[in-house]
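We have chain A; now place chain B onto it with these hints.
Next come the chains, spelled out residue by residue.
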Amino acid sequence: MKKLLFIALLVFSSAVNAVNLRWAAQNDILTLDPHSQNHATTHSILQYTYEGLTRYTKDYKIEPCLATGWQQISDTQWRFVLRKGVKFHDGSPFSADDVVFSFGRIKQPQGTNQVYVTGIKEVRKIDDYTVDFLLEGPTPILLRNIVDFRIMSKSWSEKNRSQNVQDYAKKEEIYASRNTNGTGPYIIKSWEPDKQIVFTANKSWWGKLDGNVTDVVYTPIKSDQTRISALLSGDVDLVTDVPTQDVERLRKDPKLKVQDGIEVRTIFLAMDQQRDELVYSNVKGKNPFKDVRVRKALNMAIDREAIRRVTMRGLSIPAGLLIAPGVHGYEKSLDTPWKYDIAEAKKLLAEAGYPDGFEFTLDCPNNRYVNDEKVCQAIVSMWAKAGIRAKLNAMPFANFIPKILNFDSSMYMLGWGVATFDGLYTLQSLVRTKTTGADGSFNLGRVSDPKLDNTIDAIKIATDPKARDALLREGLLTTRDQAYYIPLHHQMRPWAMKKNVGISYSPDDRPQARFATVK
Amino acid sequence: MTLRQLWDHDLAWSFRRSPVTIVAAAITLVGVVAAATAPWIAPQNPLDLAALDLNSAFLPPAWSESGNAAYLLGTDNQGRDILSSILYGARVSLVVGLASVLLAMLLGVSLGLISGYFGGRIDAFIMRVADVQLSFPAILIALLIDGVARIGLSAEAHDALALGVLVAAIALSQWVNYARTVRGSTLVEKNKEYVQAARVIGRGPLAILGSHVLPNVIGPVLVIATINIGVAIITEATLSFLGVGVPPTTPSLGTLIRVGNEFLYSGEWWITVFPGTALVILVLSVNLLGDWLRDALNPKLR
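Chains as they are written, first to last, in our numbering: chain A, 8 to 526; chain B, 338 to 639.
Chain A with its partners taken away, still in its complex shape (with noise of 0.2 Å):
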């Protein structure tokens, strides 16, 4: 009797100790691969379980994770101390090892995320926790590219042959897509694709959570009008991805909470610019975006004001540049969206041989960034009053990724996020002419403009905090006025809770559960 009473004491105290945050949004993760996709959700979800060597605070200043503490050596030599003592979720030990492996592996050409560590040329062992970086040229805002270089297992990798990234476009599948092994708070103990992902949190990690969540299920649903109502039935605690036309709503409901933001990311529309003639389109011959007029044209011929007012509700900032409010290089008088104006867009197109117009397929994602198919059905219909008729060929995101990582596109609707915080880092993945690493990683419509190139290359190793700020506002601008690209908005990305959730808001929309309390 004595037992039983004391395994019901037991199991009464762990379910009273045990905290559940439930949350919501709209995509499920690519891959449970730290180094094979650079996708916000996916990034957003494996930041639970696995970590790099630097990591954001609360207000977005670099603290340190997996390194204790870091020293510049020389402009090219940055040597890490790394934390001793920790763990992986399999109970082997960290070291420099693990640091040497998961550079090698993210460097892999089969992988999105070389970006994290751009510059870097080598990573040295010198001890069993001490690290040497050495770099390229003079890279100032190393400790934030990093912070999404997450450390794997050198050992768990190789004992379950996954050294190699996944190769994600080729649709492969390695142990590591489907397992974890990280250092981090949380532990993944399921995922079922398009279903949930289940967390629990690490008892051995090194860290202390801030708040007192210590079980997360993470659940992607796809339909709005569902996920909402999830929130509203009490089915789960936090949702992000709120459809902007629900927001005015649920601030109404006395029983949960709306907390504002803007999210560093935007949207924008990419153009195929270096094949000679696109693959979707009835133009033979030549490609029309390779000249400024037409992309100048496909610019003005959208009305970004209408679809901030109708489509988005309020929720989103017109954009002219390709970085929003809240990364380093923004300037309020340098993102002027272009002017609406169908007459100048017609006279572009007319002057560059295209007066009646043309076709081509605009891609879309449908279930990715706020609204995105509408703001495509938006757009379609303002072009078709400048003779542009552009057919939409909207999709789910995991079919549309692999499409323009194939280039299999004439134009596409993405956004962009700043992990990093600091401009450069939209330049060298959008503008930079592709190569197989970091540069132009998503440089997926693949511009090239050599003396833009010299630009960026320039900013990634000035020193001189001034010099390097002219720099990338040259590079910003120059993307603009030469309309690279189509910049649309800025996403404000409100995210809903019950009152009793108490969680701090991430600019990246990355809501992090050891920040969180549940009361």
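Among these hints, one or two may not hold up.
One-sided excerpt, in silico: chain B residues whose CB lies under 8 Å from chain A [unchecked claim]:
hint, residue
1, A387
2, N598
3, S603
4, W606
Hints are computed from structural coordinates only; laboratory data are not their basis.
Using N, Cα and C, we set each Cβ at its ideal position, and we do this for glycine too.
This is chain B only, laid out in the frame that chain A set:
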């Protein structure tokens, strides 16, 4: 048959005696005519993207405070006139409904005749296939066929053939009803004297089936067909609502309801309620007509 004979016919008599049927027929007629003449009577062409203005999106119906008389039933999230969308949407829904019923009828009646007349292995085979199919809900079969078509065809080919695929999917999910009914009647008819007489004078099986058996088994088929039009329209709307029917850019009643469904919470009820009402009224009228036809043609109920 003169007009007078038509007026005195049993069917016409029972039609005149049923006010519900008259109303249903009138509504159906109005619906069909409105859908058929949509390009001429609709205030806006919802397919013409250049005609849309985002600035007039989310307008409520004309009679409410901030409504606009130019948009009688309001506008959707892209500034499309709801009334025009419904008219164009009903067009697609009706075409898909009628075409799939015709195809199902053709398929079902032919297989039913063959099955009933020849019997034996062919009969057993066709009827087992029908049994297997009956154990799945029609919507599931339609989903399955659509899914296979999606994998088998390229995205562009699928878009171009979407309506055809949809018609085939619905037809293939409905043919069993016809086949079983016709088979049953054929089993009875084939042993009657007029069929034996035809056989004796040397007519071939196809000719016997076509000109002798078919006219005598077609009555119940017409009743099933009328009722199935309603079912087919609903199936089309369901599939389109689920996003696997007509391409999302084509307005059909199902796609309109799906689009509007997103805005129910935020108070823009008219985007989904009006297409939904139109669907209910249309299907109800067609079904009432079907019910009446069944009663009128069934001597036991008279």
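Verification of the hints:
no.	hint	result
1	A387	holds, 4 Å
2	N598	holds, 7 Å
3	S603	holds, 4 Å
4	W606	violated, 12 Å
Taken one by one, the earlier hints fail for this structure only at number 4.
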